[in-house]
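Assemble the complex: chain A is given as a structure, and chain B must be docked to it using the hints.
Listed below are the residues making up each chain.
2 protein chains.
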Amino acid sequence: MKRIAIIDIGSNSIRLVLVQINKSDSFSVIDEVKETVRLGKDMTIYGGLNPSRIEKAIKTLSFFKCLCEAQGVTEIIAVATEAVRKASNQVEFINRVKSELDIEIRVLPGTSEAYYDYFGNINSMDILNALLIDIGGSSTELIWVEDRTLKASISLPFGAINLTEKFSLHKVMDEETEKDLKDYILSSYKEIPWLKEVKNVPLVGIGGTIRNIAKISRKKNRYPIHNLHNYQTTAEEVVEIYNMAKIKDQGERKKIKGLSKERADIFLGAAGAVVTLFEFLGLKELYVSGCGLREGIIYEYILQSNLPLEDVLGFSINNHILNHEMNLHHAHQVWKLTECLYNDLKSILNIDKDYYKILKTATLLHDCGIRVSYYDHHAHSFYIIANSKINGLLHKEQLMAAYVAALHRKNDFKVDLEKYERIINEKDIEVIEKLAILVRICENLDSGVNSNISSISCVIESDTVIISVKSKTDPILEISQALDCAASFEKIFGKKLIIQSSAS
Amino acid sequence: MKRIAIIDIGSNSIRLVLVQINKSDSFSVIDEVKETVRLGKDMTIYGGLNPSRIEKAIKTLSFFKCLCEAQGVTEIIAVATEAVRKASNQVEFINRVKSELDIEIRVLPGTSEAYYDYFGNINSMDILNALLIDIGGSSTELIWVEDRTLKASISLPFGAINLTEKFSLHKVMDEETEKDLKDYILSSYKEIPWLKEVKNVPLVGIGGTIRNIAKISRKKNRYPIHNLHNYQTTAEEVVEIYNMAKIKDQGERKKIKGLSKERADIFLGAAGAVVTLFEFLGLKELYVSGCGLREGIIYEYILQSNLPLEDVLGFSINNHILNHEMNLHHAHQVWKLTECLYNDLKSILNIDKDYYKILKTATLLHDCGIRVSYYDHHAHSFYIIANSKINGLLHKEQLMAAYVAALHRKNDFKVDLEKYERIINEKDIEVIEKLAILVRICENLDSGVNSNISSISCVIESDTVIISVKSKTDPILEISQALDCAASFEKIFGKKLIIQSSAS
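Protein chains in written order, with my numbering: chain A, 91 to 594; chain B, 91 to 594.
Hint data in this document are derived by calculation from the structure and do not stem from the laboratory.
Heads up, a few of these hints could be off.
No copy labels: a pair is met if it fits in one copy or bridges any two.
[Stated by the list, open to error] Result set (EDC-like, lysine to aspartate or glutamate): computed pairs, CA atoms no more than 16 Å apart in a straight line:
no. : residue 1 : residue 2
1   : K124      : D574
2   : K351      : D502
3   : K256      : D273
4   : K241      : E287
5   : K286      : D115
6   : K338      : D264
7   : K500      : E122
8   : K351      : D574
9   : K149      : D192
10  : K436      : E551
11  : K581      : D502
12  : K500      : E352
13  : K309      : E400
14  : K345      : E194
15  : K310      : E326
16  : K374      : D466
17  : K92       : E165
18  : K149      : E190
19  : K280      : E145
20  : K309      : D502
21  : K124      : D466
The following block holds chain A by itself, in its conformation from the complex:
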């Protein structure tokens, strides 16, 4: 066990993330603190950081340092972005932090910032091709991802704070101001040679402005899942939100449901940058990401590599298994058997899509609820799977996986269709029930938690499914327990279930 800290000195806020690294490179965030220092605001006429904001930054960093010490952090990685990057008194500030606090700040060039955004997201989202946008306080990064590689990137010198200052956006925006704002942003976009080639991909949004857009949308739509990572909305709705906000003054904006009061004053310029990008490229979808620069740094540290993970979901699931101190062998044994059953029974599963990822997640994490309490742990597994950040799954997939896991012991966990009607429907529930019965059979086939069953194979007959198991020792108890699922199996698939031992 080891604890590291990432300090991200941005133009709007300074953030601290404490990460605990557990065995086999699994990790979890154990604390996160944000101070809205706004280093990028009120820069001096000579382009320097404002002295009173420097003082606030030093106090914040000093507090972060104490917190790191109290929490047993052994390594601090501190990075700074646009405000410090362009500050004329950059060296002075960095030296002061080094001498007073013994913290070494690495000032990231725009390309590095874009790279970390890429690396944070490619390892935590199911992205093949996409355009990423990270809107910070004083800069905006655009990153073009093709075939999971970083094809091109740029850091533009505008963000939520300096756009607000430049165009006085705390007031209600008049038409002329809006035109000026959009023209300014658009001309920047137009100067990027590769940008207009980006077509028909989702926009992946990073940063506080995007999260606030998502929160406003979530409130508006009474969306039932709280986790913002992987939240999806449309360009159309983003434009609607921007139009709704632009006719309000700062005070009225503070009342917009979902918009944080701290961000109401600097929301409009950054939202305008997103809207202008949608309009410029004709993109249709926004995927919200909860990961960015800091996660990029964490993944670089953990993986000791700049190659993206090959299996984002697999890494994320494994991370949860290790963090929740689950029985790794049992999880993988049940998955080995379930995967086999899923492949062998595809013809009678009669499902329209591939539910491999959902089934894998549910099976590997079916016992994670034991971490809350052994009693009713299937229900706790539902809660944990539905409410954790599982990288590589859409919200719908995550929710379906949670339900499959919830049914791993018995039939009686009820799907709250009313609550989740925006996300899953009756047909999805049929799929959930089919997948769950596979997990239940295989969980029972490892009821001894000792991987006694070495392999299984299925034969499908007109009115029967025969599962043959090979095992190390007599599998009589495992088979008898798995057969408890026979009635449910027959009800769902219309076939009798036979499980038999075959020669080992």
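Relative to chain A, chain B alone:
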């Protein structure tokens, strides 16, 4: 870390509980398996255990032994109760288990069984005076607890299985049979010299029959909390449930919502024993316990003592803190400050009862949700506190504690009044909000997680509350963060909040 197993060879089922013992004697159940072997059924005419049931028991124990090995259990404690206790072939059975499986079975005398029931409950419920009843397959223990000590106990030789056999209760019960059953039970009760002295105490019920009564009641009342431990109902409702079940045959009984199909055939006799006890003593309330013999053995093992815990709630909270790997120092520091605030502000809290236990639970466990995920951990803390077995709290107290913890970071966690209307009302929510603001202030006063604040004291003035803090180093950041709660404080208490540093 160490794992032990308790095997409980009862007359109805054989159960295995795997317990993981973590640091400082904290522990958690990591697996539980039950096989309905019914050793107490079909005894031979010579009073011996039935050979085919012995075979089933041996197979079950052999499987349990494998499971223990696979799970790294280093110590197995196996006990047997009435069926084995009275069996003429007891020694044979025990020797066989010893020689074939190397498991030593301790046959518990009735008084020991009663003692463990007492010890399991006195350490897991807030009991001062009570009558405990544990209805097993072939015996029923009655335990009189006065002033938290075991005053008297008895083990009666009837339970769910042998009452069913003796009175052929799988059928619809006619009036005559019911009279015979109740007379038989009542005459046993009347022979217990101390029993009629038991007055005006709650009946604490242990065992499968009681849990099934609770499940039926829970379904009937659409009770929103799943945890059965500490579920409360009335003698009146138990009689109602018994009357409803007694006019059904076994097939119809299986359809009763909440009654497990496995128990439908043996429910009536045991339920009759509870009803008869209520009628005999005129008791009014039933508290359902999820703890009994097995927990008694676990507590004896953990505490290495037969003295009951002095502070049941404190031990349980500490157990959760350690099992969830929370920051013990931070939890206790925040509680030290919150306790002080609570005592100093009693006059303006204006609450009708003592909410000390709720506040203590919420404060000490406010961060437990980090175990699920750091993000939204206040919401996860709500889930964990509401859904764990927290010993020493009533359900209402537990739910209120969960809400207080959920509000430890901000105001925006919503109480689902509709769901919980049977348990908490608007007035309770006012209390929750008052307590939560105290926790939030004190959590911020340890935002450095380093116990910088050594003590606090309050002065209440007509329109102001002044909190003075003594600290090791300048507490400027802690105070500034705690003052983020000032607006909420003023809204709730109608007084301005001032926090100031006083000489250390």
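Outcome of the hint check:
| no. | hint | verdict |
| --- | --- | --- |
| 1 | K124 with D574 | between (52 Å within a copy, 14 Å between copies) |
| 2 | K351 with D502 | between (43 Å within a copy, 13 Å between copies) |
| 3 | K256 with D273 | within (13 Å within a copy, 91 Å between copies) |
| 4 | K241 with E287 | within (11 Å within a copy, 85 Å between copies) |
| 5 | K286 with D115 | neither (39 Å within a copy, 64 Å between copies) |
| 6 | K338 with D264 | within (10 Å within a copy, 76 Å between copies) |
| 7 | K500 with E122 | between (38 Å within a copy, 15 Å between copies) |
| 8 | K351 with D574 | between (55 Å within a copy, 13 Å between copies) |
| 9 | K149 with D192 | within (14 Å within a copy, 65 Å between copies) |
| 10 | K436 with E551 | within (14 Å within a copy, 73 Å between copies) |
| 11 | K581 with D502 | within (15 Å within a copy, 44 Å between copies) |
| 12 | K500 with E352 | between (47 Å within a copy, 14 Å between copies) |
| 13 | K309 with E400 | neither (35 Å within a copy, 48 Å between copies) |
| 14 | K345 with E194 | neither (40 Å within a copy, 69 Å between copies) |
| 15 | K310 with E326 | within (14 Å within a copy, 47 Å between copies) |
| 16 | K374 with D466 | neither (42 Å within a copy, 29 Å between copies) |
| 17 | K92 with E165 | within (9 Å within a copy, 32 Å between copies) |
| 18 | K149 with E190 | within (11 Å within a copy, 69 Å between copies) |
| 19 | K280 with E145 | neither (38 Å within a copy, 81 Å between copies) |
| 20 | K309 with D502 | between (31 Å within a copy, 13 Å between copies) |
| 21 | K124 with D466 | between (36 Å within a copy, 15 Å between copies) |
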